[in-house]
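One letter stands for each residue in the lines below.
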Amino acid sequence: MAKQHVITTINGNATEFLCETRQTMLDVLRDELHMTGTKEGCGSGDCGACSVTVDGRLVCSCLMLGVEAQGKSINTIEGMAEGGTLHVLQRKFLEHAALQCGICTPGFLIAARALLEVNPDPTEEEARYWLAGNLCRCTGYQKIIEAVLDAAREMRGA
Amino acid sequence: MSEMRYEAPTTASAAVSLLAAAQVPAKLLAGGTDLLIQMRSGHQQLALLVDLKGIAEMNTVVAENGGFRIGAAMGCMALVENESFTKAWPGVTDAVKLIGSIQIKGRASVGGNVCNASPAADSVPALIAAGAIASVLGPAGRREVAVEDIAAGPGKNTLAQGEIVTSFMLPKRAPRSGDAYLRFTPRTEMDIAVVGVGINLTLDDKGVCSAARVGLGAVAERALLVPAAAAALIGSKVDEPALANLAAAVSAACRPIDDKRGTKAFRTKVAGVLARRAALIALTRAQGEN
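Chains as they are written, first to last, in our numbering: chain A, 1 to 158; chain B, 1001 to 1290.
Next up, chain B with everything else stripped away, as it sits in the complex (with noise of 0.2 Å):
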């Protein structure tokens, strides 16, 4: 086996400029929970690593703006030990805690559940539907990315040679918001999601639902933003028609695989009822933040 190159950058433009320069086969290394497992199976031949844990702006959590902005690197454990994150985004914080083990989560970043695409990972529907921006560091400078636009299907995602998702801005809360993340999988824990629906939304002072995002995982190439379904809830005070509607618009945007996890018909019925449940629950939590 060739040797590999290992080198722990302590910016981020040092690390673009070693990936850009890269004129052999690259990886970054953040939790590395995956690219491990890949290096070991023998999938990467990789003669440069790039580890990210070295550069401090990736590694933190911290208030931006009246929002937050999560390090691309930083480990799911720290992030959901963060107690004025999680008070604010209790949907993306259950979503992170679905990922993996205590162990896996020492390590494994949200960065690294976003950038490696996979269609099922939990993180991202709960993002998307809080509108989570990606900030791209590249050779070209940087560009901010919507992170329903960072997957483009199953482990590949939209990044140009050399750039790297420094971290993901989480927008400032709107009074009376809540968000919910449910997956459905065959166990309670250490499982992948056969489907997973974020709900993300904001009531007026009339109880009326004024702004939704909804992101829906692991029925399509990769997590998907659905519009349609958003548009079910605003302008509802989340009452039992609008959650037919919704549900109706999730399965209406499915498009998943069949196999051993989940058929298509199952897949498409389970995640309109999941989309139900995490309305629910993102309205209570709209409605405790008075």
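Chain A with its partners taken away, still in its complex shape (with noise of 0.2 Å):
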């Protein structure tokens, strides 16, 4: 069988790739397309570094078929700074040094991203739950709390 032909949107750039059907959406990211910032961790769901968005919403690229991408809108780390302007998330995972080996990092920012679109004002707790699908093994995530509560008080113009 010859492989799928996938017609996508990623970052807002009309993309197209061929995959296997097998081909998982993180595996096409990486291997095919060469965008290596979305991390694979665990690779079963469990981690979230290889987090991204669909359509707006928040998944796990390793449980995703590439073919599954035929004409969805993918949103990566590679799409969140603009140009040389970080994101106000990655500023404040700078200043705050919340990132040691940074293999989380990709996918905290993109879920911190998404929670802040639906709740730009999350308490301390909101904001550990909607992030308990991400794992850090290096900084124990209080740094990782407050950068994502900092950011958000900016982007509130708080």
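Just to be clear, a hint being listed does not mean it is correct.
Within a straight-line C-alpha distance of at most 27 Å, the following computed DSSO-like cross-link-like pairs (lysine-lysine) qualify [what the hints assert, rightly or not]:
{"#": "1", "chain 1": "B", "residue 1": "K1097", "chain 2": "A", "residue 2": "K72"}
{"#": "2", "chain 1": "B", "residue 1": "K1237", "chain 2": "B", "residue 2": "K1172"}
{"#": "3", "chain 1": "B", "residue 1": "K1206", "chain 2": "B", "residue 2": "K1097"}
{"#": "4", "chain 1": "B", "residue 1": "K1053", "chain 2": "A", "residue 2": "K3"}
{"#": "5", "chain 1": "B", "residue 1": "K1269", "chain 2": "B", "residue 2": "K1097"}
{"#": "6", "chain 1": "A", "residue 1": "K72", "chain 2": "B", "residue 2": "K1027"}
{"#": "7", "chain 1": "B", "residue 1": "K1156", "chain 2": "B", "residue 2": "K1264"}
{"#": "8", "chain 1": "B", "residue 1": "K1156", "chain 2": "B", "residue 2": "K1053"}
{"#": "9", "chain 1": "B", "residue 1": "K1156", "chain 2": "B", "residue 2": "K1237"}
{"#": "10", "chain 1": "B", "residue 1": "K1053", "chain 2": "B", "residue 2": "K1097"}
{"#": "11", "chain 1": "B", "residue 1": "K1053", "chain 2": "B", "residue 2": "K1087"}
{"#": "12", "chain 1": "B", "residue 1": "K1027", "chain 2": "A", "residue 2": "K3"}
{"#": "13", "chain 1": "B", "residue 1": "K1172", "chain 2": "B", "residue 2": "K1097"}
{"#": "14", "chain 1": "B", "residue 1": "K1027", "chain 2": "B", "residue 2": "K1172"}
{"#": "15", "chain 1": "A", "residue 1": "K72", "chain 2": "B", "residue 2": "K1053"}
Chain B residues, not near chain A, derived (Cβ > 10 Å throughout) [what the hints assert, rightly or not]:
{"#": "16", "residue": "T1011"}
{"#": "17", "residue": "R1040"}
{"#": "18", "residue": "T1086"}
{"#": "19", "residue": "K1237"}
These are computed hints drawn from the structure, not numbers from a lab. Just so you know, even glycine gets a beta-carbon here, dropped at the ideal spot from N, CA and C.
Assembling the complex is the task here: the two chains are given apart, and the hints tell you how they should meet.
Structure follows, in structure tokens:
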């Protein structure tokens, strides 16, 4: 069987790719499209390192097939900064030292942005529950939560 | 590894035809949060995958005859974002919200939660309590099946070859009705139920329980409807004697396994405790619905 031809939108850009039906969206992003910002942690939906949004919905790209991207709009970490200007969340992660090895960081940033889109003023508890699907084995989460809440304050103009 | 054919039909009948005609190992894909893990681990050597997310009727929740029809393949996040649904069924909503992370709920479906037949699936006791009826389409036509009759045991369901659960019908709410779902897990989030209890009750105009259903999860080979537990509530004001009878009936219905997450004795005891607490939450919600 020939590879599947998929037409999709990634970070606002019309994109086409060929993939095997068994390939996950994560594999397509990293191996076919060479967009390696999205990371593979567990490969089983537990760690959130591969988080992307699909039609605005936060998902694990390791639990989605590449062929399912047909006609969808996908946003990855590569689309977060605008040119050389970091997104507020990215800047706050740096200011708060909310990362060490960095493998979990793209997933946290994508998940945190999705949170602030639906809840611009989350409590600490709400932020912790929302980010429960993202695991970090370095920082212990405190700095990540502080960075997200600080970013939320700035984005609200508070 | 052999090649796998991927199909994304736009109607449920087309999906049934694909599945019924399959001479090769085939599976349905809704959220894929269980299936892709099974595929990756080599437990599923599939030759055909039928994606259900392009089928409109299976991916929406709609008001119907005063109740709600939940598309079996719709994502859990989309369901719990529907305010008229969550207002009518806060217990089912609480249960669905407990299914995995935000990322998992972005894709995982209620239909998958029911049909994968995990005894610990969180939505199932709440749906059983709600009296949810699955609409099943197959090569021989459509039939209706109570949610408690879908699972047969761990990972096994009662659907025939080519049959698909397309939706779940939750009936119209009587006045003064409330539902609740509680589970026990060692952690507060991202964990699998050791016990889960769903309770749905209706009060008459004097505050006496006139109807009740109790669903019980993770304490048997599948989630159970427990009529004896409902009988303990019906005719009472959901007072202390009724709650004691409820707890006893729920514990008596338990036939759990011992495992690292909970012993038989623990699960049996906790099921009764959670049933009491869930009944009180359901009662408060019913009283607020005047």
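A quick look at each hint next to the structure:
Annotation: proposed proximity of B:K1097 to A:K72 holds, straight-line Cα distance about 25 Å (limit 27 Å). For a cut-off of 27 Å, the pair hint linking B:K1237 to B:K1172 stands: about 23 Å separates their Cα positions. Distance check on the hinted pair: B:K1206 and B:K1097 sit about 33 Å apart at the alpha-carbon level, beyond 27 Å; violated. Annotation: proposed proximity of B:K1053 to A:K3 holds, straight-line Cα distance about 21 Å (limit 27 Å).
Pair hint B:K1269 plus B:K1097 holds up; C-alpha atoms about 25 Å apart against a cutoff of 27 Å. Distance hint between A:K72 and B:K1027 is fulfilled; the C-alpha atoms sit about 23 Å from each other, no more than 27 Å. Between the alpha carbons of B:K1156 and B:K1264 the distance comes to roughly 22 Å, so the proposed pair stays at or under 27 Å and holds. Under the criterion of a C-alpha separation no larger than 27 Å, the hint pairing B:K1156 with B:K1053 is consistent with the structure, at around 22 Å.
Of the pairs offered as hints, the one joining B:K1156 and B:K1237 is violated, with about 39 Å between alpha carbons and a cut-off of 27 Å exceeded. This hinted pair checks out: B:K1053 and B:K1097 have alpha carbons roughly 20 Å apart, not beyond 27 Å. A C-alpha spacing of about 26 Å is found between B:K1053 and B:K1087, which places the hinted pair at or below 27 Å, so the restraint holds. Using a Cα cut-off of 27 Å, the hinted pair B:K1027 and A:K3 holds, with the two alpha carbons roughly 20 Å apart.
Restraint check: the Cα-Cα separation between B:K1172 and B:K1097 comes to about 22 Å, which is no more than 27 Å; the hinted pair holds. A hinted pair counts as satisfied when its Cα atoms are at most 27 Å apart, and B:K1027 with B:K1172 does not qualify at roughly 33 Å. Between A:K72 and B:K1053 the CA atoms are separated by roughly 12 Å; this keeps the pair inside 27 Å, and the hint holds. Every beta carbon of chain A lies more than 10 Å from that of B:T1011, the smallest distance being close to 17 Å; the non-interface claim holds.
Here B:R1040 does not stay apart from chain A, with its beta-carbon only about 7 Å from theirs, under the 10 Å limit. Remark: the non-interface label on B:T1086 is consistent with the geometry, its nearest Cβ contact in chain A lying 14 Å away (cut-off 10 Å). Every Cβ of chain A is farther than 10 Å from the Cβ of B:K1237; the closest lies at roughly 35 Å, confirming the non-interface assignment.
Violated hints, in rising order: 3, 9, 14, 17; the structure is consistent with all others.
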